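These protein sequences, in sequence, are chains Z and D.
Counting in the numbering used here, the first sequence runs from 1 upward without gaps.
Counting in the numbering used here, the second sequence runs from 1 upward without gaps.
I should point out that these hints are in silico values taken from the structure, not numbers from a laboratory.
Each statement offered as a hint is correct.
Okay, derived cross-link-like pairs now, DSS-like style, lysine-lysine, Cα gap no bigger than 27 Å in a straight line:
(1) Z/LYS405 with Z/LYS346
(2) Z/LYS97 with D/LYS420
(3) Z/LYS34 with Z/LYS265
(4) D/LYS97 with Z/LYS443
(5) D/LYS243 with Z/LYS243
(6) D/LYS346 with D/LYS34
(7) D/LYS265 with D/LYS346
(8) Z/LYS34 with Z/LYS405
(9) D/LYS34 with D/LYS405
(10) Z/LYS34 with Z/LYS346
(11) D/LYS438 with D/LYS405
(12) D/LYS97 with Z/LYS420
(13) Z/LYS346 with Z/LYS265
(14) D/LYS443 with Z/LYS97
(15) D/LYS405 with D/LYS420
Rough simulated footprint, nothing fancy, chain D against chain Z, three-plus residues with beta-carbon under 8 Å:
(16) 179–191
(17) 422–430
From a predicted model like this one, the values you see are computed outputs, not experimental measurements.
Don't be surprised by glycine CBs; every beta carbon is placed ideally from N, CA and C.
There are 2 protein chains.
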Amino acid sequence: MDHSSLLEDLRNIVGAAHVLTEGDLSAYTRDWRKRAEGTALAVVRPADTEQVAAVVRACSKHGASIVPQGGNTGLAVGAVPDTSGSQVVLSLRRMDKVRALDPANLTITVEAGCILQNLQETAEAAGFLFPLSLAAEGSCTIGGNLGTNAGGTQVVRYGNARELCLGIEVVTAQGEIWNGLTGLRKDNTGYDLRDLFIGSEGTLGVITAATMKLYPLPAARLTAWAAVPSMQAAVDLLGLAHKHLGAGLTGFEVMNQFSLSLVDKHLPQLRVPFWRDYPWCVLVENSDHESEEHARTQFEGLLEAALEAGCVSDAIVAESLAQASTLWHIRESIPMAQAEEGLNIKQDISVPISRIPAFVAETDAALTREIPGVRLVDFGHLGDGNLHYNVQTPEGGDAREFLLKYEDRINALVFDSVAKHEGSISAEHGIGSLKVDKLPSYKSAVALDMMRAIKTALDPQGIMNPGRVLSTQV
Amino acid sequence: MDHSSLLEDLRNIVGAAHVLTEGDLSAYTRDWRKRAEGTALAVVRPADTEQVAAVVRACSKHGASIVPQGGNTGLAVGAVPDTSGSQVVLSLRRMDKVRALDPANLTITVEAGCILQNLQETAEAAGFLFPLSLAAEGSCTIGGNLGTNAGGTQVVRYGNARELCLGIEVVTAQGEIWNGLTGLRKDNTGYDLRDLFIGSEGTLGVITAATMKLYPLPAARLTAWAAVPSMQAAVDLLGLAHKHLGAGLTGFEVMNQFSLSLVDKHLPQLRVPFWRDYPWCVLVENSDHESEEHARTQFEGLLEAALEAGCVSDAIVAESLAQASTLWHIRESIPMAQAEEGLNIKQDISVPISRIPAFVAETDAALTREIPGVRLVDFGHLGDGNLHYNVQTPEGGDAREFLLKYEDRINALVFDSVAKHEGSISAEHGIGSLKVDKLPSYKSAVALDMMRAIKTALDPQGIMNPGRVLSTQV
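Same shape as in the complex, but just chain Z (with noise of 0.2 Å):
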């Protein structure tokens, strides 16, 4: 490959300053998780989606492979480049347009690198709701999130990415535009492109430019905690939740013993309530259109059911919009409190919900009894049953060594467990570089033929973010 011709190319395309090869480029090139960093031949920063659909002409005429990035967010190691140094990083943020916000067909449009937060704050402030919401929102961007099909704390409710998406602009791997942005709810003319590019991790074609689906502002939401006596009772109380709150349930998140141990120890500010006295806690989201004296009534009518059933053992609702915002942040701190404890391994995993008091006990029981001085961080998303199931090393002791001598086994242990329930080993995350290898155990021989005959039909070149999802030695 003739890197000084490519290099000439790309700058005549977007222009020398958006050609980025000297200097600290580690902001691109490294995973914020600092797992991976690579060097890239450059990183080019297109203004507009003809740049982009040059640049992958001008990639695939030299034979380069392109990493779409959007904002180096991702959970997976599915967004840097190797280490080879023949990579090119293809950065979406300077598409960071809203293109259209219509108001009566209830959709928005944006630029792939618009960020989460960027694009929430947009659809209040012409009063509707974009619900997709998870932690990284003020960096992630909407490409990147739509590349990895993002999940978040409301799927309960709206769905994943995909299920919030109408319409995708994307080039091809052979630089071709192809203009998806329909805003139509019903379009039964051929095949589901949209869908096969969500999701797959650049590794079909670059998605540039997406419609989104925009809901109605609720008038109020109210968050309720609540303790409960096993994970049975909590699968029980979301059966309530369903029933009591209808299309109301926007959030319910699960967080066990030790989890919250470690936000009491090292963000004792918060108060986290119940914790030491009930083996889980649960976090309940009611968003309401009507207005919050109606949401509090309808949580009071869960809260009676389920004291009646059994299913709840204490609970409080939140008296103000703080308090509310105190107790989404007990949760979303869990993995601070982690990190501040020191190493672990975190799980993306899901299983039926109906399965998880069985899954949980049943993984509880064999990592205690085969991984010595193991701590368990079980947390997550119970209302779409995805649970962040992760592994903390034992206190004291060489936590480097631990995980050396034990993450493998863990991994075994945890994922095997998930297939005997017929779960997935990344429910939110994606596969990336991270899970690539342990794929072709957890996935049907099937499938991944077809995954393989798809590639090799969109991206016959191979160009279009390799390695990813599917390893290029077969």
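Guided by the hints, dock chain D onto chain Z, whose structure is given.
Here is chain D on its own, set in the frame of chain Z:
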């Protein structure tokens, strides 16, 4: 192709009684609207997924093409054989079992041949709602619904068949079984094969089973009927309904005066409200998880705001379930009233909701100007932007002659107007063979190229429902 050897193989797989070659096979070979009649080499009725896989392998070995079929109620002539006499109709009707119902996971797993209404009733008997609802529900199958991504009347709240499906089991074009029957709401482990098969109309493989979402049964369903002064007023009313009813808004249908005049003429016992004095009427459905009283209060708030805003001229709220079902019956009788009135052209188009008033005004004007005596039956699912913008032949005169002379011109006028307004020429019915020649004029060439590449990748022999969705001539 050695027909007798293939037939022998098929008899060995499913039993001679389930390989139909003699007698009246028109229930399988004739489109129910009688727009096409083919001849099958055989109609094969497998009992389970393994038999489906073996049938596909046998057809592949002999190079015979396969037409998958559910209830044969499709509207795009996609599920009957051609006239060659060499195609095998693969009827899924015997595979109609409910495999599992998981209350805590809110899912039901059924075989492809399960009749939609049986699925609805099984869900309801267990205390849940399966919301997919459409005119053919008494005879269409869930496999057909998924193959065509069926829509219907509840899409404004629950989405299409695609959005109601979590996992599918598929027999590939190679006769392999892919078990993708997951009940997970989050699973980011590779390309979205599920949504690729959904809506592919049997051209990529055969859907043999599916895991579908369930919802809590609403406590009450209330229906209102409103007269509105214009299509723009109907769109404004929809916006208010989203705000006032939130997720309670489960149906929003619009009907023009002429469509209601036909119901009044041919089914006078239905006593259509308001139609004489207003250009449009709207049917609104509110599903409430609390109570009928609460639903009524919600409706009163909506109608008060709408009368105030001038987007409703008059309105009634059904006082009983019987009255509500009569109102729905009026809406659903429009196609029958059209048939009574004589020949007509059916459309199934969508445009962004914000553009519907301009689309209807412009297209009405163009048709009235260019097609002498034309009568326009505008009605449909305004809540999701899908209109059945049908055209009735003129009163008196020779309807057949009129169609011969004007049908192509009418379709071109409507489709070109749809394209101008960034809409779809097939919102919920699919492409089948009926619109396969039209598609290249209204779909992006880049998208069509990707579709062809995927078809070739997954069905290299081209045996799955050839000539549907994609033309066999390139």
